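Residue numbers (this note's numbering), protein chains in the order written: chain A, 1 to 368; chain B, 1 to 275; chain C, 1 to 319.
Because the hints were derived from the structure by calculation, they are not lab data. Hints are supplied without guarantee of correctness; some may be wrong.
Stated by the list, open to error - Below, computed lysine to aspartate or glutamate pairings styled on EDC-like, alpha-carbon distance capped at 20 Å:
1. K342(A) <-> E221(A)
2. K42(B) <-> D128(C)
3. K42(B) <-> D163(C)
4. K42(B) <-> D239(B)
5. K279(C) <-> E234(B)
6. K105(A) <-> D77(A)
7. K178(A) <-> D166(A)
8. K342(A) <-> D317(A)
9. K114(A) <-> D183(A)
Being a predicted model, the structure only gives us computed values, none of them experimental.
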Amino acid sequence: MAAITMSGLTKVYPNGVRALNALDLQIADGEFFALLGPSGCGKTTLLRTIAGLEVASGGTVQIGDTDVTGLPPGRRDVAMVFQDYALFPHMSVRDNIAYPLRIKKVDRRTRHGKAAETADGLGLAELLERRPAQLSGGQQQRVALARAMAYTPQVFLLDEPLSNLDARLRLEARTFLKRLQRDLGVTTVFVTHDQAEALALADRIAVMQGGRIRQVGTPVEVFRRPANTFVAGFIGSTPMNLIPATVRDGGIDVAGAVLPIPETAGEVTPGESITYGVRPEYLDYSPAERAGALSGEVVVVENLGSSSLVSLDLPGDAGTVQVVVPEGDEPQPGDRGWVVPKAGRALLYRDDELVAAPIPAQPAGANR
Amino acid sequence: MNTTVSHLLGRIGRYVFLSAVLGFFAIPLLWLATAPFDSTPKITTSMPDFALDNFRALLDNPYAVESLLNSVWLAGGTAILVVVFAALAAYALSRVRIPGRDALLYGLLLLSSIVTGTATMVPLFELAFRLNLIDSRLGVILIMSGGLLPAAIFILKDFMDSTPTSYEESARVFGASPLQIVRHIVVPVVRPGLATVAVWAVANVWGNFLVPYLLLRSPDKAPAAVIMYTLYTEGGQADLRLLSTFSLLYSLPVVLMFIFVSTRYGFRFHGGIKR
Amino acid sequence: MVQATSSPDTTSDVGTEAVPGARHDGASPDAAGLGRARAAAFVVPSMVLIVLFLVLPAAWTIYLGVTNYRLTGLAAAHPEIVGLDNYTTALGDDRFLTSLGLTLQFVLGSAVIGQAFLGFAIAWTLRDRRGPMRRVVEAFVLLAWILPGSVVAFLWIALLDRDAGTLNAVLHTPGAAWLLDHPMLSIIVFNTWRGTAFSMMLYSAALGNVPPSHLETAKLAGANTWQQLRDVVFPRIRGHILTNLLLISLWTFNDFSPYLITAGGPEQKSEILAVYVYKVALSGGQLGFGSAISFLMLLINLVLALVYLRMLGRRKEEA
Numbered sequence: 001m002a003a004i005t006m007s008g009l010t011k012v013y014p015n016g017v018r019a020l021n022a023l024d025l026q027i028a029d030g031e032f033f034a035l036l037g038p039s040g041c042g043k044t045t046l047l048r049t050i051a052g053l054e055v056a057s058g059g060t061v062q063i064g065d066t067d068v069t070g071l072p073p074g075r076r077d078v079a080m081v082f083q084d085y086a087l088f089p090h091m092s093v094r095d096n097i098a099y100p101l102r103i104k105k106v107d108r109r110t111r112h113g114k115a116a117e118t119a120d121g122l123g124l125a126e127l128l129e130r131r132p133a134q135l136s137g138g139q140q141q142r143v144a145l146a147r148a149m150a151y152t153p154q155v156f157l158l159d160e161p162l163s164n165l166d167a168r169l170r171l172e173a174r175t176f177l178k179r180l181q182r183d184l185g186v187t188t189v190f191v192t193h194d195q196a197e198a199l200a201l202a203d204r205i206a207v208m209q210g211g212r213i214r215q216v217g218t219p220v221e222v223f224r225r226p227a228n229t230f231v232a233g234f235i236g237s238t239p240m241n242l243i244p245a246t247v248r249d250g251g252i253d254v255a256g257a258v259l260p261i262p263e264t265a266g267e268v269t270p271g272e273s274i275t276y277g278v279r280p281e282y283l284d285y286s287p288a289e290r291a292g293a294l295s296g297e298v299v300v301v302e303n304l305g306s307s308s309l310v311s312l313d314l315p316g317d318a319g320t321v322q323v324v325v326p327e328g329d330e331p332q333p334g335d336r337g338w339v340v341p342k343a344g345r346a347l348l349y350r351d352d353e354l355v356a357a358p359i360p361a362q363p364a365g366a367n368r
Numbered sequence: 001m002n003t004t005v006s007h008l009l010g011r012i013g014r015y016v017f018l019s020a021v022l023g024f025f026a027i028p029l030l031w032l033a034t035a036p037f038d039s040t041p042k043i044t045t046s047m048p049d050f051a052l053d054n055f056r057a058l059l060d061n062p063y064a065v066e067s068l069l070n071s072v073w074l075a076g077g078t079a080i081l082v083v084v085f086a087a088l089a090a091y092a093l094s095r096v097r098i099p100g101r102d103a104l105l106y107g108l109l110l111l112s113s114i115v116t117g118t119a120t121m122v123p124l125f126e127l128a129f130r131l132n133l134i135d136s137r138l139g140v141i142l143i144m145s146g147g148l149l150p151a152a153i154f155i156l157k158d159f160m161d162s163t164p165t166s167y168e169e170s171a172r173v174f175g176a177s178p179l180q181i182v183r184h185i186v187v188p189v190v191r192p193g194l195a196t197v198a199v200w201a202v203a204n205v206w207g208n209f210l211v212p213y214l215l216l217r218s219p220d221k222a223p224a225a226v227i228m229y230t231l232y233t234e235g236g237q238a239d240l241r242l243l244s245t246f247s248l249l250y251s252l253p254v255v256l257m258f259i260f261v262s263t264r265y266g267f268r269f270h271g272g273i274k275r
Numbered sequence: 001m002v003q004a005t006s007s008p009d010t011t012s013d014v015g016t017e018a019v020p021g022a023r024h025d026g027a028s029p030d031a032a033g034l035g036r037a038r039a040a041a042f043v044v045p046s047m048v049l050i051v052l053f054l055v056l057p058a059a060w061t062i063y064l065g066v067t068n069y070r071l072t073g074l075a076a077a078h079p080e081i082v083g084l085d086n087y088t089t090a091l092g093d094d095r096f097l098t099s100l101g102l103t104l105q106f107v108l109g110s111a112v113i114g115q116a117f118l119g120f121a122i123a124w125t126l127r128d129r130r131g132p133m134r135r136v137v138e139a140f141v142l143l144a145w146i147l148p149g150s151v152v153a154f155l156w157i158a159l160l161d162r163d164a165g166t167l168n169a170v171l172h173t174p175g176a177a178w179l180l181d182h183p184m185l186s187i188i189v190f191n192t193w194r195g196t197a198f199s200m201m202l203y204s205a206a207l208g209n210v211p212p213s214h215l216e217t218a219k220l221a222g223a224n225t226w227q228q229l230r231d232v233v234f235p236r237i238r239g240h241i242l243t244n245l246l247l248i249s250l251w252t253f254n255d256f257s258p259y260l261i262t263a264g265g266p267e268q269k270s271e272i273l274a275v276y277v278y279k280v281a282l283s284g285g286q287l288g289f290g291s292a293i294s295f296l297m298l299l300i301n302l303v304l305a306l307v308y309l310r311m312l313g314r315r316k317e318e319a
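Bound-form chain A, shown alone (with noise of 0.2 Å):
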């Protein structure tokens, strides 16, 4: 088990792409980690290079006490497990949990004791003589986590652990991998492109956006405090809503509405124009109106199932303000309606960065 720390990392392809860009990151011990961010972002890349799979163009990759940067990927002690898993098609599932053991040299025997052991412990003790075939996608992703373990290494690298799954089966795989992991207690990275894995999965996750790392954090700090719009928008299931707002004396100017500056935010100057953001499930409805809150026409309910998105059309060009309106008090569309941000929760984006206070109460930080 070990921390891995990267310093200024950089990867370039040869064809110019610079997929890594100066990339400064540190993961504890035993921590959870997800690597998230959408498609091209370079997260695979960062996974795939500190595997060693990627070799780096510039900066370093250092595993426990160790600088691997120039070690192949034999030699790092990490393990993967590939999106596709991997599996072997033309060995067992017995030899393949045993294949790394088999590099390492173990006599048949043993390593075939440990891959019944680690079978066993993944309830894959029925599926030993099978091929990888004829298993079930959940059953393949267990296999190859078993092969994984057994190989015993400082530290795991999952791409897109969940991402074959089909989605009823995910939520499942996900309670095991969580579990699983908190057992082995094993450093873990995992790349992903679905923000509510990463944040039901990671101790913490770094959000990434063209090779660069835009925020760090737990799964809290970077739903409740997102460093930047973009965190802001990737973050959470519905994005945040981001309204153009001015500010004024005592006060923000937002669509119209005078409401108070959020206590979350540092040094404004009356007069310049800010973003004002605030998510959806951090707004109150109210069919009424009420003071200090934003008002507009409803345009459109969706429903959430237990609650409703409601969108509503801002007055001028401020475009739309969406609100999670628990059952029972969905508005009907036409409706005017009034939204209130909760306590604590609205905050300040000046040129797409958080206009944070310093919080004494968070003393991680969102930026590290």
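With chain A's structure known, arrange chains B and C on it following the hints.
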């Protein structure tokens, strides 16, 4: 009413056509099925007067059995050479990006389809003469391999390209060396491709007449294709017992191989050059 | 606004993200960690054989073609460059021109008309059939294709034998000397028989790709068989037809098996180019002159192959 009639006519027409096709393709082949078992084989196809004596004629001829062994050597040697060399080359070309790789492959493929034994028999003969490969089995194997390799590389590269690289990367992360990866992962995974190429190479050499006919001088080195030809062209009245049994024995391996491949792997039809 | 929920292309970004076009075949530049040097070592053995036994002979043909090189005699020891003499001799030689004409007959008759036409007819008739009839027909057609050339050559010699041939027995034409009186027809029918399997299989595969709904639409509109073929089938399988025609032409053009049946005779009446080259160069010993003919054959092959590859390229672009 009218449609029923034309429908019926269509059916009859189809059966007549298929019967004619069947006759056309089957009649020349029947002799091969009957004559070997006829106690007095004739040129004409007829119901055999069943006997297995003819097969003894094979043993009486000094070259018959030996030529089949020669064919096995030539076909086996070429197949091994082609499979091993083509697999290595295809793997490297599939996994390591070498500038101009595709152009090179297409160029070679083009060359191998135009440089046929027929069109280059003169320089091939010359070359074999200079390299001291006249009357050498190795010469036949090398020349056949040279002609078969481009297409073999092409077919195998196709197989390798369709194999996910994550298999190899996964093994690499566990510390497997490149040669271990080839042995443990790549070869087993592309085994159907290797089998396809091996069978295809064997079939090509087994039936090839021209190259051994050009290069091999001594009858004890000649493969079955050449001995078969000499059996019916040289020396007076052909011995039909020998000819019929030898034809059958010589044909059987390719037929069995074909059946094996098409049942085991399904007949993968590449339509000449597949891309 | 940035898309916040799961992107739909989850499978497409495995390993390729961040680098559109950088790893177009889904692989890192060197997935197995082979390294350039080892990769080169893997390729070299094949290249040596290919260069030695494929490239060199082709190049040598060009050189030999401008010499008066002979198998025996003075010119064997000291071949002289004779420039284009061999070519002018060939182009003025009746035997060569006749041979070229016979080859054209052979290719057109047995490949383009025989194999392609019969292969398509069989594939079309069997297209929606299952069961023993289809299997038996296919088995015999395939058998003719896979048996060794020298065996089938003898089977045809036996079939066409003047005195005791099965064909004369079947047709009640005792004493008809097919190979002597109709040598070209004999080898054309022989090669049709021999090679139809390839066309049949290719067209079967092609017909399998014609959507049944298209044929049914045509049938509902009252199209007869010929109209269905013309309006629905041929436009869809045009690529396959061209591929097939070019490949079988190339193969037939280079086919040496007629030598096994007629050896070019009688009196050079079935002497196609493949047989002609063999006789001139290796039986007759005129290696230089034979090479010139070989080179002309290579040129014809090259034209056929280039047309084929260009077409493949165009089809790939269209696809």
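Unmet hints by their number, sorted upward, for this structure:
Violated hints (numbers, rising): 2, 8; every other hint is consistent with the structure.
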